[in-house]
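S.K.: Given the coordinates of chain A, work out where chain B should sit on it, guided by the hints.
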Amino acid sequence: MRRIIAVLLENEAGALSRVVGLFAQRNYNIETLTVAPTEDPTLSRLTLTTIGDDRKIEQITKHLNKLIEVIKVVDLTEGEHIERELMLVKVKAVGAQRAEVKRTADIFRAQVVDVTGSAYTVQVTGTSGKLDAFIHAIGELSILEVVRSGVSGLSRGEKVVSL
Amino acid sequence: MLIRALQDEGVDYIFGYPGGAALHIYDAIFRQQRVQHILVRHEQAATHMADGYARATGRPGVALVTSGPGATNAVTGLATAFMDSIPMVVISGQVPNPLIGTDAFQETDMVGISRPVVKHSFMIKHASEIPTVVKKAFFIATSGRPGPVVIDVPKDTTDPSQLFDYHYPETVKMRSYSPATRGHSGQIRKAVELLLTAKRPVIYAGGGVIQGEASAILTEMTRYLGFPITNTLMGLGCYPATDPLFLGMLGMHGTYEANMAMHHSDMILAVGARFDDRVTNDPEKFCPGAKVIHIDVDPASISKIIPAEVPIVGPALPVLTDMLALLRERIEADPALLDRAAHGHWREQIAGWRAQHGLDHGLMGQGSHGVKIRPQAVVQCLYQVTGGEAFITSDVGQHQMFAAQYYHFDQPRRWINSGGLGTMGFGLPSAMGVKFAYPDAVVACVTGEGSIQMNIQELSTCTQYGLPVKVINLNNQALGMVKQWQDMQYGGRHSSSTYQDSLPDFVRLVESYGHVGIRVTEFADLEGAMREAFSARLRDRLVFLDISVDPDEHVYPMAIKGGSMCDMLLSRTEQS
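These protein sequence lines are chains A and B, in that order.
At position 63 of the first sequence the residue is numbered 113 (the numbering used here), and the sequence of numbers has no breaks.
At position 473 of the second sequence the residue is numbered 501 (the numbering used here), and the sequence of numbers has no breaks.
Hints were generated in silico from the structure; no laboratory data involved.
Keep in mind that a hint or two might mislead.
Below are the BS3-like pairs computed for lysine-lysine, each with C-alpha atoms no more than 25 Å apart in a straight line [what the hints assert, rightly or not]:
no.	chain 1	residue 1	chain 2	residue 2
1	A	Lys122	B	Lys332
2	A	Lys180	A	Lys152
3	A	Lys116	A	Lys209
4	B	Lys319	A	Lys112
Part of the chain B face toward chain A, derived, beta carbon under 10 Å [as the list claims (entries may be wrong)]:
no.	residue
5	Lys147
6	Tyr205
7	Ser329
8	Ile330
9	Pro467
10	Ala469
Non-contacting residues of chain B with respect to chain A, defined by C-beta distances greater than 10 Å in every case (computed) [what the hints assert, rightly or not]:
no.	residue
11	Arg69
12	Gln215
13	Ala361
14	Gln517
Idealized CB from N, CA, C, for every residue including glycine.
Looking at chain A on its own, in the form it has when it is part of the complex (with noise of 0.2 Å):
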């Protein structure tokens, strides 16, 4: 099963390659990485998703608590949560095709950040599966370059994760 995992950790030097050497260690996989400072400059937040059952998701949670460097490990995936993702996506665009792709842009809300006379750039947020479908509807054929943020996430209402 896919889970989107929150930690909170230092902000340091290597504490970013220890939780990446874990998951090589481990045998574990990691399928998106984003990660970035938060408003206390001293912490950084990341979300990863990963694949696995609930025995290896436990074992995956426990090990990143073990790190010295993180101070919070949650697994949103066990309770309500938002995720979002943001894709870049450069397409070609020319005569008839300007209109399509602006055209089902419009339908997934994203925007065109980008355009010359035989492209077009859109950025595209949403879940994974939103930004999946939106290649599917563009078309591999007409893509030129993609690249995607990976998950940021946080649980719904009240629950916060911090100090």
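M.R.: This is chain B only, laid out in the frame that chain A set:
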């Protein structure tokens, strides 16, 4: 500044080897008296010495190496300590900060290369951080589940011409690190209720009991309940081996009665043990009727291999103390809660297993064995001659298992071996570390002609510091455990497990280092030679007993691969 911090941390010995990037540190060592530096012959040995020191004393061992090859040579020792949860601090020199990343001479990314085998690591960015980092390193190494910590020290941060205010912190707090200090009282209560329902209980205790200084309380609780107890390879000594409730070691080469008791039990109380694959055999077939209570300071060890009915996260000492208090309270209020009749019957059943296929501890009394000396008899002889009081270190292989099976450890911290990583070459340097910690104690290294050659250069260190450890070399002219597996699983094809007459003359070799070598080839001479090695006359000498043992001996019992804990080979021809 670094050395002053080590002094303030109470460090008495540093085991190390100098080199360019560490020279400022070495100069600081030279100009003080409180911390003694021991010059080894190879950095791997320095880490094993620090490790042996830590295992024997419970205090963190300290090693110091230079950058590059010094650092990489220390990695095996770090991994060894990591797998067995041994508190250790390894300080590695590093090229100066401005040169990092330039492929400078003797540069290696020590923090990166050691990352998977340390509990934590630090890289000093600025000299002013040194006191705090040292304090943190020792705190992390010794608290929670202990483990090795690396401090990588770029040369410019130890430049003696740069002076900074020095203040060594009394305590250190890290918001991201707070290991459990007690067990959850609700979980302990649940565990007590489950313990009281057990008809066929077994206590399964590991290295965590020794690391957690909980041997005394565990012994008290075990005797109070009258439950049979088995120890892991790492746990030997945490319960007195000569006590009737003790079943011996369990697992791949555990005793028949220990493995049978585990398999047929209805309740397993696991304390500071991690259900290693060398214990459980096939986890799917593990102890089908048993409910598991698992006490461990490391939450990640619980339900990792075998799901626990009652998990308790916490150090063994406070958890067992609380548990025993609650047990006493419950049982004193109602003595009938404990089914003593069932437990008596269970102990009889176990005694039956022991009578049937238990280890034969009387090999020395059986007179002549012909020309070949059985290695088990050598360990029994060692046990008798040392009165069971020695610190025994071992290397890795058949001799390690024979030592674990046949030397009875009545006290914790007396049995010192590389259990998790299985590091050949561990025995001699770890014995040296023990001897530094306890100069008056008898320290013997049980080894084989394969393992001893992996760190034999340390015989020179022993000469330099006058370290009278005793080396018991079970010489079977082959890599015995490898050969045993080849005999059993590869049709007797001994691929690269023999040396084709290339072994050195160990007696002359040790003599060239200035030590005493004694060769034993006849059973009749064994006891005399052993007594000689441990005699008052040779008390201050390193004695190396090179004992020719039966090259065809196998270690039994041996778990049958893919089976349950009760599936064992008992000899070449018998199986359970």
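S.K.: So which of those numbered hints doesn't the model satisfy?
M.R.: When the structure is compared with the hints, numbers 9, 10 turn out to be violated.
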